[in-house]
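K.L.:
Whole structure, please, built from the sequences with the hints as guidance.
Keeping their order, the protein sequence lines are chains A and B. Plus 76 on top of the position in the first sequence (first one is 1) and you've got the working numbering. Plus 16 on top of the position in the second sequence (first one is 1) and you've got the working numbering.
Read the hints as simulated data drawn from the structure, not as lab findings. Since this is a predicted model, take the numbers as computed values, not measurements. Check each hint, because a few of them may be wrong.
[What the hints assert, rightly or not] Chain B regions said to be covered by chain A (calculated; three or more residues, Cβ under 8 angstroms): (1) 20 to 31; (2) 61 to 72; (3) 81 to 92.
[What the hints assert, rightly or not] Pairwise CB distance ranges (calculated): (4) B:PRO34 - A:LYS188: 50 to 56 angstroms; (5) A:LEU185 - B:ALA80: 33 to 39 angstroms; (6) B:GLU75 - A:GLN259: 38 to 44 angstroms; (7) B:PRO34 - A:ASP243: 53 to 59 angstroms; (8) B:ARG39 - A:GLN259: 46 to 52 angstroms; (9) B:GLU75 - A:ARG240: 31 to 37 angstroms; (10) B:ASP79 - A:GLU133: 49 to 55 angstroms; (11) B:ARG82 - A:ARG106: 51 to 57 angstroms; (12) B:ARG82 - A:ALA105: 51 to 57 angstroms; (13) A:ASP264 - B:PRO34: 45 to 51 angstroms; (14) A:GLU142 - B:THR72: 29 to 35 angstroms; (15) B:HIS64 - A:GLN129: 23 to 29 angstroms; (16) B:ALA38 - A:ALA105: 53 to 59 angstroms; (17) A:SER255 - B:HIS64: 18 to 24 angstroms.
Heads up, the beta-carbon is just placed ideally off N, CA and C, and yes, glycines get one too.
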Amino acid sequence: MILALSVSALVALALVFDLVAPRARETWARHRARRRIISEPVLDPGQERRAEQTARELLRSCVGEEEWAMYRELGFIRVWGSDTTMRSGGAEHAYLIYPHKPIIAYAPLTGKLLGEYCVEFPDDTRPYGSSRLPDSDDVLAKWMALTGDERRLLATANLHMPGRQVDAAVVTRDLWRLSRWEQARMRDIASALDARPQ
Amino acid sequence: MKPGHGEVLIAEGDVELPQDEARLVAEFRHQLDAGLWAAVPLAHADGHREAVMVHTFTEIPRDAERVIFFPRAAGG
Chain A
77 MILALSVSAL VALALVFDLV APRARETWAR HRARRRIISE PVLDPGQERR
127 AEQTARELLR SCVGEEEWAM YRELGFIRVW GSDTTMRSGG AEHAYLIYPH
177 KPIIAYAPLT GKLLGEYCVE FPDDTRPYGS SRLPDSDDVL AKWMALTGDE
227 RRLLATANLH MPGRQVDAAV VTRDLWRLSR WEQARMRDIA SALDARPQ
Chain B
17 MKPGHGEVLI AEGDVELPQD EARLVAEFRH QLDAGLWAAV PLAHADGHRE
67 AVMVHTFTEI PRDAERVIFF PRAAGG
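P.N.:
Below you can see the structure in the form of structure tokens.
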């Protein structure tokens, strides 16, 4: 009799354990999760700004004085293409470099937009949680790659029709701004030369 | 160039000193092995500026002030 009761009690205990154990485990896991300290990356709002400041200094030290003034005042840099023909008397095409936008190819003589070369310089090590270079570093990387090995960069890039990522009207306006800016700059240089004592 | 940092000094030295040169060569190889591109910015006498992409240490002009490493380009 006692043996039968004991076996029944054990079976009942086992059944209750099967019912209760999963819930107990879940409750315990929830309790631990609430107590666990989740380490969040410490975001420094000034870091990106400081990185951009450093990048601007580096860009300034590498590109010419004219390109630096162009970037500072217009927000982009113009780079002449390497293909030069007798017919055009100069570069057949040129590029506009914007930070974190495609490189815009255009014909300097006509202002016609030729295409967008979509290229980026991702740092997969993600040292700061982002693979994006600071704006001015992105511009410098494009400038170095274009002036250093134009063909290689263009072969790497994805070529698209004008206006796909950058509004063609905005680029056309930027080309107009660039021409005005260059005219003003030439006038300033001429004035400075005239004012110089003979 | 590094995201979140901008310019970071990796190594510096005088290529005329053998110890320095060996260290610079090792660091140059390390950066290229890590997949970075290397460029030397140049300033010509007429004021023209450009960069030279370098693939080996011997391609670096001996009088170059610096070599800039940056992530290699990828189609965007």
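K.L.:
Each hint needs a verdict: does it hold in this structure or not?
P.N.:
Hint-by-hint comparison with the structure:
no., hint, verdict
1, 20 to 31, "holds (count 4)"
2, 61 to 72, "holds (count 7)"
3, 81 to 92, "holds (count 8)"
4, B:PRO34 - A:LYS188: 50 to 56 angstroms, "55 angstroms, holds"
5, A:LEU185 - B:ALA80: 33 to 39 angstroms, "35 angstroms, holds"
6, B:GLU75 - A:GLN259: 38 to 44 angstroms, "40 angstroms, holds"
7, B:PRO34 - A:ASP243: 53 to 59 angstroms, "55 angstroms, holds"
8, B:ARG39 - A:GLN259: 46 to 52 angstroms, "50 angstroms, holds"
9, B:GLU75 - A:ARG240: 31 to 37 angstroms, "36 angstroms, holds"
10, B:ASP79 - A:GLU133: 49 to 55 angstroms, "22 angstroms, violated"
11, B:ARG82 - A:ARG106: 51 to 57 angstroms, "56 angstroms, holds"
12, B:ARG82 - A:ALA105: 51 to 57 angstroms, "55 angstroms, holds"
13, A:ASP264 - B:PRO34: 45 to 51 angstroms, "50 angstroms, holds"
14, A:GLU142 - B:THR72: 29 to 35 angstroms, "32 angstroms, holds"
15, B:HIS64 - A:GLN129: 23 to 29 angstroms, "27 angstroms, holds"
16, B:ALA38 - A:ALA105: 53 to 59 angstroms, "55 angstroms, holds"
17, A:SER255 - B:HIS64: 18 to 24 angstroms, "21 angstroms, holds"
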